[in-house]
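Protein sequences appear in the order of chains D and C. Be aware that the first sequence starts at 3, since it is given in our numbering, and climbs by one per residue. Be aware that the second sequence starts at 7, since it is given in our numbering, and climbs by one per residue.
Hint data in this document are derived by calculation from the structure and do not stem from the laboratory. Remember, predicted model here, so these are calculated numbers, not experimental data. Among these hints, one or two may not hold up.
Claimed, not checked - Cross-link-like lysine-lysine pairs, in silico, BS3-like; alpha carbons within 25 Å at most: (1) D:K151 x C:K77; (2) D:K131 x C:K101; (3) C:K77 x D:K85; (4) D:K66 x D:K28; (5) C:K67 x D:K59; (6) D:K77 x C:K67; (7) C:K85 x C:K36; (8) D:K151 x D:K84; (9) C:K36 x D:K101.
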Amino acid sequence: MFTRYTAGLAALLFVSAAPFAQAADKPTDPQIAHIAYTAGVLDIEAAKLAIKTSKNKEVIAFAKDMERDHEAVNKQALDLVKKLKVKPEDNATSQALSKAAEEERAKLAKLKGAAFDKAYIENEVAYHKQVNGALETLLIPSASNAELKSLLETGLKIFQGHEQHAEHVAGMLK
Amino acid sequence: MIHPSRLAALALMLTAAPAAAATIEVTIDKLVFSPATVEAKVGDTIEWVNKDVIAHTATVKGGWEVMIPPKKAASLTLKAAGAVDYFCRFHPNMKGHVNVAP
């Protein structure tokens, strides 16, 4: 039982770390901006799917919170890159994130009811953990522009709140 | 020119003022309630000023809840004495505390 759990956890960690593991090099500010924006868009897309699919009041409320917060943060990000005259640059990390999210959405699209709710919320916990880890260890330390760094730091606080919120909803679904 | 008796009345009103309810401001900036702990009394109003671009709440589990829209303020008049912990329902990592004296 324990071995199976550990093996499962190891597999999960491996999958979760994958998109960021490819970015062994320090990303540049235009790449960081692109990664942060992409991560937000992907969570908004997942939220839209949940709002459409779920019948659970708590899950729908959570998804609406995700949609609203990530849209607000992404608007800030767009305003900042415009102000700094930075052109967000597509990169391997953004592409890996998008690919992983696309696969997750395809998986979720086949589910209904309680199975969907559970899978969506568990993925939200894992996704926010993964993105927050990347912000803390890679994106924030790599950012060279002070305003970009500050926006990422605020984003991290917001998304840590989302992670706790998702864990709370996951606990209620059990 | 204000008549001296008027002035006396005004002074009386002013000295009486501290007994009246106060408004206590709590600022929200980058997901932090500041000050985190507020000392108040029944009848006082807490006004939360949200400087963030995202919405927050001040929520007491099983108690009151105040919605605080982005870049806006919202307030609550305290009706019961006691000490309560509150948090933001959307971002549970945001925490605050209110001590309400009778």
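Structure-based check of all given hints:
1. D:K151 x C:K77: Between D:K151 and C:K77 the Cα gap is close to 21 Å, so the pair holds against 25 Å.
2. D:K131 x C:K101: holds (21 Å)
3. C:K77 x D:K85: holds (20 Å)
4. D:K66 x D:K28: The given pair, whose Cα atoms are some 33 Å apart, is violated under the 25 Å limit.
5. C:K67 x D:K59: holds (18 Å)
6. D:K77 x C:K67: Violated, because 32 Å separates the two Cα atoms, which is more than 25 Å.
7. C:K85 x C:K36: Since the Cα atoms of C:K85 and C:K36 sit roughly 29 Å apart, the hinted pair is violated (cutoff 25 Å).
8. D:K151 x D:K84: holds (16 Å)
9. C:K36 x D:K101: Answer violated: C:K36 to D:K101 is near 31 Å, above 25 Å.
Violated hints, listed in ascending order, are 4, 6, 7, 9; each of the other numbered hints is respected by the structure.
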